Amino acid sequence: MANQTNKRKYFFQKEISLYKSIFSFLLLVGIGTAVLSGLYTFFSIKLISYFIGNGSTMDPAASIPLLSKILGNYWFYIIIGSALLICLATFFTHRFAGPIYRFEISLDRMIKNDIGFQIHLRKNDEGKQLAEKINQFNTRLAASLRSIVFLSDEIEKTQLVLKKELQGSNSTLEQAIALNRKLKKTVSDYKYE
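Counting from 1, position 161 in the sequence shown corresponds to residue 410 in my numbering; the numbering is continuous, with no gaps.
Hints are computed from structural coordinates only; laboratory data are not their basis.
Quick caveat: nothing in here was measured; it's all calculated off a predicted structure.
Careful: at least some of the hints might be erroneous.
As the list claims (entries may be wrong) - Each computed SDA-like pair below joins lysine to any residue, with the alpha-carbon atoms no more than 20 angstroms apart:
| hint | residue 1 | residue 2 |
| --- | --- | --- |
| 1 | Lys412 | Asn429 |
| 2 | Lys431 | Ile383 |
| 3 | Lys372 | Tyr350 |
Sequences are here, hints too, so could you generate the full structure?
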């Protein structure tokens with residue numbers, strides 16, 4: 250018996266994961282804004298305290314009003330930094346969101362018995378290995394279905410020859426013909442070309 254490893258199965262609900270994504274995005278923007286503001290304030294306070302003449306020994310109690318003045322004066326830069334963070338977060342989330350959308354559409358098509366397509370992802374998208382495996386699966390399944398159709402046609406030709414040779418009704422042969430037609434109908438439900 251092969252050594253099998255137990256893996257956890259995770260199930261995601263679309264609404265919950267959407268809200269989780271939005272929350273993560275807003276949290277990232279908030280943390281990024283706070284970090285940018287903190288860095289800018291830190292360097293501004295050092296610079297202002299140097300020009301005031303206190304050197305590096307500025308009183309922390311005096312820095313709070315100074316901090317509010319700096320934030321009031323440099324709000325524009327904080328907004329620009331936040332917008333830059335939003336753009337970067339959007340760029341990185343699209344590397345995942347696009348492929349997930351394509352996989353979802355592809356699986357919907359496969360559920361509807363359409364396997365005659367290839368998944369194409371952009372150059373920097375994530376999930377290219379999964380897309381290649383799905384494409385391989387669809388290609389092999391389409392080849393197998395073509396082979397089944399060919400063999401079913403050959404069986405039908407052989408059954409017709411047998412029917413002519415027997416020149417009568419043979420219930421076993423009629424049953425085989427009916428089963429072959431059901432097989433052809435099942436395979437014809439797939440779109441593989």
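Verification of the supplied hints:
With a C-alpha separation of about 14 angstroms, the suggested pair Lys412 and Asn429 falls inside the 20 angstroms cut-off, and the hint holds. Taking the CA atoms of Lys431 and Ile383, the gap is about 28 angstroms. The hint is violated against a cut of 20 angstroms. Restraint check for Lys372 and Tyr350: satisfied, since their Cα atoms lie roughly 16 angstroms apart, inside the 20 angstroms limit.
Hint 2 from the list above is the single one not met by this structure.
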